[in-house]
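Trainee: Using the sequences and the hints given, assemble the complete structure.
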Amino acid sequence: MVLLLSSRSIRASADSGTGVSSTRQTAVTSRSVLPVGTLARMPRLSEYLLPTEREPPADAEALSHKLLVRAGLVRQVGAGLWSWMPAGWRAHQRIVQIIREEMNAIGAMEMLMPIMQPAELWRRSGRYDAFGDELFKLEDRKQADLVLGPTSEEVVTTHAAAFVRSYRDLPKILYHFQTKERDEPRPRAAVLRSREFVMKDAYSFDRDRAGLDVSYEKHARAYDRIFDRCGLEWYSVEADVGAMGGFGAHEYMAPCPAGENDVVLAPGYAANLEVASAQAPHVELPPALAAPEEVATPGLTTIAEVAGALEVAEGALLKAYPVVLNDDSLVLAMLRGDHKVNEIKLGLALGAQFRPATAQEIEERLGPPGSIGPVGAQVRILLDDAVVADGGGYVVGANRPNLHLRGVVPGRDFAYERGDFRTVLSGDTVGGHAVRIEPAIEVGNIFKLGTRYSVALGANYLDQSGSSQPIWMGCYGIGPARIAAAAIEQFADASGISWPRAIAPFDVHLVSLGKEGAEERAYADRLYEELETAGLQTLYDDRDAGPGEKFADAELLGCPLRVTVGRRTLQNREIEVQVRRGQESRTVPLDGAAATVFDLWRETA
RNA sequence: CGGGGUGUGGCGCAGCUUGGUAGCGCGCUCGCUUUGGGAGCGAGAGGUCCCGGGUUCAAAUCCCGGCACCCCGACCA
1 MVLLLSSRSI RASADSGTGV SSTRQTAVTS RSVLPVGTLA RMPRLSEYLL PTEREPPADA
61 EALSHKLLVR AGLVRQVGAG LWSWMPAGWR AHQRIVQIIR EEMNAIGAME MLMPIMQPAE
121 LWRRSGRYDA FGDELFKLED RKQADLVLGP TSEEVVTTHA AAFVRSYRDL PKILYHFQTK
181 ERDEPRPRAA VLRSREFVMK DAYSFDRDRA GLDVSYEKHA RAYDRIFDRC GLEWYSVEAD
241 VGAMGGFGAH EYMAPCPAGE NDVVLAPGYA ANLEVASAQA PHVELPPALA APEEVATPGL
301 TTIAEVAGAL EVAEGALLKA YPVVLNDDSL VLAMLRGDHK VNEIKLGLAL GAQFRPATAQ
361 EIEERLGPPG SIGPVGAQVR ILLDDAVVAD GGGYVVGANR PNLHLRGVVP GRDFAYERGD
421 FRTVLSGDTV GGHAVRIEPA IEVGNIFKLG TRYSVALGAN YLDQSGSSQP IWMGCYGIGP
481 ARIAAAAIEQ FADASGISWP RAIAPFDVHL VSLGKEGAEE RAYADRLYEE LETAGLQTLY
541 DDRDAGPGEK FADAELLGCP LRVTVGRRTL QNREIEVQVR RGQESRTVPL DGAAATVFDL
601 WRETA
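All the letters of the first sequence, read from the start, carry residue numbers 1 to 605 under our numbering.
In short, the hints are calculated from the structure, not lab data. Mixed in with the good hints there might be a few duds.
As the list claims (entries may be wrong) - As a list, the in silico SDA-like pairs of lysine to any residue whose alpha-carbon atoms are at most 20 Å apart: (1) Lys180 - Leu146; (2) Lys515 - Ala552; (3) Lys550 - Ala494; (4) Lys172 - Asp129; (5) Lys180 - Asp129; (6) Lys172 - Thr451; (7) Lys550 - Glu584; (8) Lys172 - Phe247; (9) Lys180 - Val388; (10) Lys172 - Asp463; (11) Lys515 - Asn445; (12) Lys180 - Ser83; (13) Lys137 - Met111; (14) Lys550 - Asp525; (15) Lys340 - Val388; (16) Lys550 - Arg526; (17) Lys66 - Val77; (18) Lys172 - His159.
What the hints assert, rightly or not - Distance windows between CB atoms, simulated: (19) Pro281 - Glu417: 22 to 32 Å; (20) Gly351 - Ser468: 22 to 32 Å; (21) Glu364 - Ser465: 55 to 65 Å.
Keep in mind that this is a model prediction, so the values were computed, not measured. Glycine residues also receive a C-beta, built at the ideal position from the N, C-alpha and C atoms.
Mentor: In structure tokens, the structure reads:
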């Protein structure tokens, strides 16, 4: 019953005040099928705009891109600019409604802030420059600087500064669904990464860090419910707090082939590859020598070449990664030859911003690039945790041309600090379990901002002792379009999309076979009314088209149930119901069909 | 920003090397037939060949410049 009610509330919001429904009503009325004044109904396909295509666009790569276009859900306007077609927008709106309900359930208040924002706010927060070229900038007729908001921290914090006076005004959670504008360097895969997209962004305001933790937890629970209700396969992972600083962050990831992030997974463990840590498998080392021994490696500069020539595992080499910090000091990061530097983790390990050293800096301070190493180097050395000192000897660069050293023992032959800054590899372990790494798309994130914006924009309150304190903030985003794309990626099959029930454009795709005026049509017309009355949002394919075309379109669009009214089953006073996910069909009696279909619908995923 | 690629009817493509008045499949319109897996026959409509300049008697085709879009990488709340 709860499901029924919620589906009705979605329908009401999806249909109110749209041009589509009024156009449809006019069309329907002119056909004298429904009396004037009847509640807006679900569409008949003969009157609906569902521009399906037999072939995907030539430039589409990702499955969700191909299917979104083929199923008539989106159309491209420009690079990273997409229109949602009516059926696609219905799916999007259902996702929005789920998010809205769960946000409201944690006491968040929906509002709306403008896309266009004064540049001044962004200058005050420091992000006018920090955001870089991704920020759309423009001028109005008075030459005042404006930006198109990629997000709304500045605006919402400004409001908080104006409205929050006392600790009694806190906590608060505000959110909106608003179009975001980002001049992405590389839009891709239709709505997966676009330059303009709708985002739900929420902002929490608390008295202190403990309060922020509570708001953050509320969002984490709301997000769990949102992604579950959307029918996605998902997990939350610890995330990099990034350039924005902050006190903690989680990303909500939906695994799918077109995903842009790599996620490291093991039982009880999930992390973005950017920050993941794991145990590396042991590597066989040649025995340590009494002292490092020079070995000629003429012309050999890569790990593979040196390892091959010396007949040792690549992991028995130590790779040197020289970086220069802000204070111009050079640090030599050393890790196993078979590992790769993770620059985000390296930054965390160094506790400082850095850049790779230039060839000239390497030459001047260490030796010839290609055979640099730690022994005798007069620089700070950071040794990766995966480099173990268990009696074996490593091969390292000698800081002289065409020479390496072997039998090298860290600690004995060079001093070092420890750090974890390598990129986790498939086959590494966490808690004894091998990790797997899979692509995923980020569908949402939660982020403890702290006081960065409140301090910059003067959002303070008076605490119980009457002293002024900055508000503690968190921000929480979700991209409905990405949820739609991820759902398509996760559940599509060879025939097309297979929507999770809760976010499908329609609940039922009703197909009537036989031409206009045939017996099947009369039964289908009646069933259409009954399905609507039962509370099922039904797309009725009443077109004068062949069965193959109708079935193909229904499976492409991917509503949870396809109901077919055709002569073959009608002979036995039955209709056919196909469950889209798995494509299993069954017949059900014509009498009471709507109720049976409703029950079947409730059982779908 | 680096590398690669593509722009020809609504969609997918051929034609370009070797210049000569633009073609195929699907879709669309009309008629008839057909109706449980993108059906058949017939008749049609629809194109500034991305834009600008140049060469030439003649440019989709050759040359120069530009724009747009896609893919890989870098970047990315």
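Trainee: All hints are to be evaluated individually against the structure, with a verdict given for each.
Mentor: Do the hints match the structure? See the list:
no.: 1; hint: Lys180 - Leu146; in the structure: holds (14 Å)
no.: 2; hint: Lys515 - Ala552; in the structure: holds (18 Å)
no.: 3; hint: Lys550 - Ala494; in the structure: holds (16 Å)
no.: 4; hint: Lys172 - Asp129; in the structure: violated (29 Å)
no.: 5; hint: Lys180 - Asp129; in the structure: holds (18 Å)
no.: 6; hint: Lys172 - Thr451; in the structure: holds (15 Å)
no.: 7; hint: Lys550 - Glu584; in the structure: holds (17 Å)
no.: 8; hint: Lys172 - Phe247; in the structure: holds (19 Å)
no.: 9; hint: Lys180 - Val388; in the structure: violated (47 Å)
no.: 10; hint: Lys172 - Asp463; in the structure: holds (16 Å)
no.: 11; hint: Lys515 - Asn445; in the structure: violated (51 Å)
no.: 12; hint: Lys180 - Ser83; in the structure: holds (14 Å)
no.: 13; hint: Lys137 - Met111; in the structure: violated (24 Å)
no.: 14; hint: Lys550 - Asp525; in the structure: holds (16 Å)
no.: 15; hint: Lys340 - Val388; in the structure: holds (16 Å)
no.: 16; hint: Lys550 - Arg526; in the structure: holds (19 Å)
no.: 17; hint: Lys66 - Val77; in the structure: holds (16 Å)
no.: 18; hint: Lys172 - His159; in the structure: holds (12 Å)
no.: 19; hint: Pro281 - Glu417: 22 to 32 Å; in the structure: holds (24 Å)
no.: 20; hint: Gly351 - Ser468: 22 to 32 Å; in the structure: holds (31 Å)
no.: 21; hint: Glu364 - Ser465: 55 to 65 Å; in the structure: holds (57 Å)
Hint compliance for this structure: hints 4, 9, 11, 13 are broken, all remaining hints hold.
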